[in-house]
Amino acid sequence: MSVDVAAESAPESPRATPGLTLSAAGTEAPDGQPYAYHRVELVEPDWTRFPGWRDVTAEEWASAQWQRSHCVKNVKQLRELMGDLLDDRFYADLEKDQAERATMSMLVPPQMMKTMAPAVDPAGTGSLTEAFYADPVRRYMIPVFSDRRTDWPSHPHATRDSLHEHDMWVAEGLTHRYPTKVLAELLPTCPQYCGHCTRMDLVGNSTAVIDKLKFVGKPNDRLGDMLDYLRRTPQVRDVVVSGGDVANMPWARLEAFLTELLEIENIRDVRLATKALMALPQHWLQDDVVEGMGRVATLARSRGVSLAIHTHVNHANSVTPLVADATRAMLEAGVRDVRNQGVLMDGVNADEHDLLDLCFALLDGAQIMPYYFYMCDMIPFSEHWRVSVAEAQRLQHQIMGYLPGFATPRIVCDVPFVGKRWVHQLTAYDTERGISYWTKNYRTSIESEDPEALTRAYEYYDPIHTLPAEGQAWWEQHGRLDESALKAAEVAEASRRMAALQAH
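The opening position of the sequence shown corresponds to residue 1 in this note's numbering, with each subsequent residue numbered one higher.
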């Protein structure tokens, strides 16, 4: 079956100062290769080019507390920071998105802000506007209304908890989806909020369009229930400690949880999930965190447990010397590996050159292992970011052969009720309607008595705007939901999620 699916081309993003200097997309390197590699030293973009930080000292910038207290949380604060470097139309565009589309509230640390339009020197009123609109980091951290699709802003099958993680809770916040692995959501907050967050139904503050759910149990009770489940479930050997972001948990509390976790005999792998290694590296460079990680890593080694950090970097512009310093501090503290799990997003990194730029910046510049690129999940208002399975397959093909095999990332589709699958693992693909079909070789925690779990074909859906005309016409006829029906579905799902929360 053909996988020739037409996709909208994204506007090219300006190349940034940090990272690698590479041949432009669509051009060949001098030796005739489609891609040229050049090792380039990382740099920190100048934060003083933004009017609101003109007088910020290097000492202040290095402070995790200063970074947290100066995050950009709303349009007013962005205007105070940027002043007239951005046209009023950008602020209006952002306000409209916050009111009508945003599933995550704004929260952008200064470290991330300064990596937006890093190669452009402001030169007066409105001089950063076009670069800011085009910037890949801005496009997913500060989405504006004009970024989003107006034909299909949400896929008809988009859901708040698109991976059905709550359905697979075995304790509040503990998802047991894979036979030997669990996901532990310790807390529902992050130091930064990404517009495409797959846990947008639970993480962060409510927005104008999404009323967030809340954990019911007290934090200590929830964590205790998680540990109790792991003690009595010996088939689990691998725990992803996440949230939210573990950088938002006070170190003493996180260390106490990890210490108890490492005492459980069956636990062999522990992965700490934190985007803040990139977005707020100052946190991971604090003395108490570095020393505490050393203690946890020593305990892990003594028990033969692999302790790793998984971070989330989506563009080479985000990889700076501070990120490299924080990574080095964690490795020297005894963490076995630091790996990157990015998200494949149109307008951000869905280009083979951008992906390779990022992988080499991570690997060469910061000792971070490229690991996964997830296809953006089917949450509401995400269609402008998502790409088709066929495009993901093409990108996987294009990045092969340049990186070492152990550092060549897999592009994966996280299929609802199935889990992560390499994008070439589908069993059938209707490219006209953009429906791919996937099977699996294990049962989740909710399928122990389902005789068809291992033979059923599970569906995943391409963005409708990437389909041929015939496919788009089919969805126009069969996929349209009026706003009232969509809102009713959202309310019904939220009620079901709350019932699941209260059940634990």
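If you're looking for bench data, these hints aren't it; they were derived computationally from the structure.
There could be a bad hint or two in this list.
[To be verified] Restraint-style ranges between C-beta atoms, simulated for each label pair:
1. Ala99 - Asp46: 29 to 35 angstroms
2. Glu130 - Asn220: 45 to 51 angstroms
3. Phe406 - Ala58: 35 to 41 angstroms
4. Thr233 - Gly405: 30 to 36 angstroms
A virtual CB, placed ideally from N, CA and C, is assigned to each residue, including glycine.
We went through each hint and held it up to the structure:
Between Ala99 and Asp46, the C-beta spacing of about 33 angstroms keeps the proposed range 29 to 35 angstroms intact. Evaluation of the 45 to 51 angstroms hint for Glu130 and Asn220 yields a pass: the beta carbon distance comes to about 50 angstroms. Checked against the hint of 35 to 41 angstroms, the pair Phe406 and Ala58 passes, with Cβ atoms roughly 36 angstroms apart. Taken as a hint, the range 30 to 36 angstroms holds for the pair Thr233 and Gly405, whose Cβ atoms sit roughly 34 angstroms apart.
Hint violations for this structure: none, all hints satisfied.
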